[in-house]
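S.K.: Chain A is already provided as a structure; the job is to place chain B on it using the hints.
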Amino acid sequence: MFLMKVMNYCRQQEIVTDREGLPDGIRRLLELAEIVQEQEAAKPTTDAPSFLARVGTVSTDSFFSLSEMLHFLGDVTLTFVKLVRMRARYRTADLLLIVQECGPQALPIVTLISFLMGAILAFVGAVQLRQFGAQIYVADLVAIAVVRDMGAMMTGIIMAGRTGAAFAAKLGTMKVTQEIDALSTLGFSPLEFLVLPRVIALCLMMPLLCLYSDLMGILGGAAVGLGMLDLSWTTYYHQTINAITLTALFGGIFKGVTYGVLIALSGCLRGMQCGGSASAVGEAATSAVVTSIVLIVTACGVLSVVFYIIGV
Amino acid sequence: MNSESSNEIAAEAQITVRNLTLGYGSVVLMRDLNFTVKRGDVFIIMGGSGCGKSTLLRNMIGLIEPAEGEVFYEKANFTRSNAEERRSVYRRIGVLYQSGGLWSSMTLAENVALPLEEYTELDPAEIREIATFKLALVGLNGFEDYYPSEISGGMRKRLGLARAIALDPEVLFFDEPSAGLDPINSRRLDDLILALRDSLGTTVVAVTHELPSIFAIGNNSIFLDAESKTAIASGDPKELLAYCENPKVREFLTRGEGRPGE
Chain A
132 MFLMKVMNYC RQQEIVTDRE GLPDGIRRLL ELAEIVQEQE AAKPTTDAPS FLARVGTVST
192 DSFFSLSEML HFLGDVTLTF VKLVRMRARY RTADLLLIVQ ECGPQALPIV TLISFLMGAI
252 LAFVGAVQLR QFGAQIYVAD LVAIAVVRDM GAMMTGIIMA GRTGAAFAAK LGTMKVTQEI
312 DALSTLGFSP LEFLVLPRVI ALCLMMPLLC LYSDLMGILG GAAVGLGMLD LSWTTYYHQT
372 INAITLTALF GGIFKGVTYG VLIALSGCLR GMQCGGSASA VGEAATSAVV TSIVLIVTAC
432 GVLSVVFYII GV
Chain B
4 MNSESSNEIA AEAQITVRNL TLGYGSVVLM RDLNFTVKRG DVFIIMGGSG CGKSTLLRNM
64 IGLIEPAEGE VFYEKANFTR SNAEERRSVY RRIGVLYQSG GLWSSMTLAE NVALPLEEYT
124 ELDPAEIREI ATFKLALVGL NGFEDYYPSE ISGGMRKRLG LARAIALDPE VLFFDEPSAG
184 LDPINSRRLD DLILALRDSL GTTVVAVTHE LPSIFAIGNN SIFLDAESKT AIASGDPKEL
244 LAYCENPKVR EFLTRGEGRP GE
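One line per chain: the protein sequences are A and B, in this order. Quick note on our numbering: the first sequence kicks off at 132 and runs consecutively. Quick note on our numbering: the second sequence kicks off at 4 and runs consecutively.
In isolation and in its complexed conformation, chain A is listed as follows:
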């Protein structure tokens, strides 16, 4: 390496170098390396683009990625129309496997996070409400917060990290190993065969997980209520039951299903967009999680406003 640098420098300074004094092996190595140098023209030109050019590239890129997303959404909708007309082809065994992966197998983590979330809410509420002697309203606080929003939200974020990333990685890998190509040249639509069962599975499992997460959150709140505030089981129970309305519950579950669709779609979209290498699979998984969390939070905001306007 040192020799190469010296030689290059000499050439730039137009100094003639004499290699005769070098050992045979090294001279041959140098000759090999010089043949390679001729390919310098093949190097990509890496001029740093100007600020304006960068702004332009970023905006056209985001425009294209938005149009790609809409395109994908349209394709998936068409596939669903096919499903309704009973003409979509996918394997039921695959669907059941995915249902198992994103439903029952997610229970432990949902239990843990939801329980702790309920406990934290109760704890924060308890400290404040105790100042007014209104400890009993901790039950209301936890119940309403968990059922209306936090249950669905936390489930959504867990599933984005767990299942969304898994979808993107699986489809991405299938793309890299040409499994998706093999499906296409058999006349299977990857959308029907791979994306559809995933969207269906999450749509089925999200409401259930969401309901379960609500329950766990309330139990977490109750643990704090009973342990720290010396409320009795029955009081806490009645206070909670009175606080929850059926509309709030369904509102929360509706949000859960929406998040489920968003997670499945962004996971599959990023997987299908995946390039041809292992690092591309990693990028696809990362970007799937980022996309789904952004979409979930946005959807949560939008739905909250919509629910407020229609008075739910």
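The hints are simulated quantities; they were obtained by calculation from the structure and are not laboratory data. Glycine included, every Cβ here is placed at the ideal spot set by N, Cα and C. Hints are supplied without guarantee of correctness; some may be wrong.
Claimed, not checked - Partial chain B-side listing against chain A, Cβ under 7 Å, derived: (1) L66; (2) R90; (3) Y93; (4) V98; (5) Y100; (6) S102; (7) G104; (8) W106; (9) M109; (10) P118.
To be verified - Cβ-Cβ distance ranges computed for the label pairs, FRET-style: (11) R158/A with A139/B: 51 to 61 Å; (12) P186/B with V186/A: 53 to 63 Å; (13) P186/B with R158/A: 28 to 38 Å; (14) L163/A with P215/B: 23 to 33 Å; (15) E230/B with R159/A: 22 to 32 Å; (16) V189/A with F136/B: 53 to 63 Å.
M.R.: Quick look at chain B alone, frame taken from chain A:
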């Protein structure tokens, strides 16, 4: 190479490629490709690494939409066809992918059975029987319930072939069939390809740069050149070796020994 002006498609043509331009975005890899693959041919797509051989294959089977030009299967325009018409073509072709493209979540038997489940009305027992038979054809009997990750690279290649021939296709596409195989297995694969061609009358289109395979199986070919971005020679590889004057083709077919001045 068939002339560009003629719009007639020869009766014995299995695949006709007309004015095909390959490219990604604004980058053009190859332009003005015109050739015909006749029924029963073993057609080799050759050329240096990275010149667009695999891309040409992917264009021919519709995995990439051509930038320009058309691909015909017999007399049907494949490039301009809708999903239903494409399915009828996909029913008649089989593809062996470079990296196998085997479905890793299914067993060997299920891999071979999926095309049959999709396109035939056979009951599961019959499908299983055919799948076992096809696996036996490529010497994989007894491995039906293994998963692709549990078998060796050479076996995966053969599994890919078993799946490609599951539907007794009229045309078989091979993307680098012998890549990653030792010389003996590579030779066996060549023999297998020829045996299939002879017994089923299958047309074969193969992308390869393995010289022994090219001469052993090919009876027609096209030579892609990355510099001029088009095909610079076509015909039987053995005749190309004997008569072709083009220095690039000679260099390739003789492993660089025909290079002028060496």
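S.K.: Does Y93/B pass the interface hint, meaning its C-beta sits closer than 7 Å to a C-beta of chain A?
M.R.: holds, 4 Å
S.K.: Do the numbers back the hint for L66/B, that is, is its least Cβ distance to chain A under 7 Å?
M.R.: This hint holds: L66/B lies near chain A, its Cβ roughly 5 Å from the closest one there, short of 7 Å.
S.K.: Taking 23 to 33 Å as the stated bounds, is the beta-carbon spacing between L163/A and P215/B within them?
M.R.: holds, 28 Å
S.K.: Could one say that the CB atoms of V189/A and F136/B fall in the range 53 to 63 Å?
M.R.: holds, 56 Å
S.K.: Is the interface hint satisfied for S102/B? The criterion is a beta-carbon contact with chain A at less than 7 Å.
M.R.: holds, 5 Å
S.K.: Under 7 Å is the threshold here; is the Cβ of V98/B close enough to any Cβ of chain A for the hint to stand?
M.R.: Interface hint status for V98/B: holds (5 Å vs cutoff 7 Å).
S.K.: Go through the hint on W106/B and say holds or violated, using the shortest Cβ distance to chain A against 7 Å.
M.R.: Cβ of W106/B sits 5 Å from chain A, so the hint holds.
S.K.: Minimum Cβ distance from R90/B to chain A below 7 Å?
M.R.: holds, 4 Å
S.K.: Assuming the hint says 53 to 63 Å, is it satisfied by the Cβ distance from P186/B to V186/A or not?
M.R.: Given about 56 Å between the Cβ atoms, the range holds.
S.K.: Between E230/B and R159/A, does the C-beta distance stay in 22 to 32 Å?
M.R.: holds, 28 Å
S.K.: Honestly, do P186/B and R158/A meet the 28 to 38 Å range at C-beta?
M.R.: Holds, at about 35 Å.
S.K.: Confirm or reject the claim that R158/A and A139/B have a C-beta distance inside 51 to 61 Å.
M.R.: Hint holds: Cβ distance 58 Å, inside 51 to 61 Å.
Hint 9 from the list above is the single one not met by this structure.
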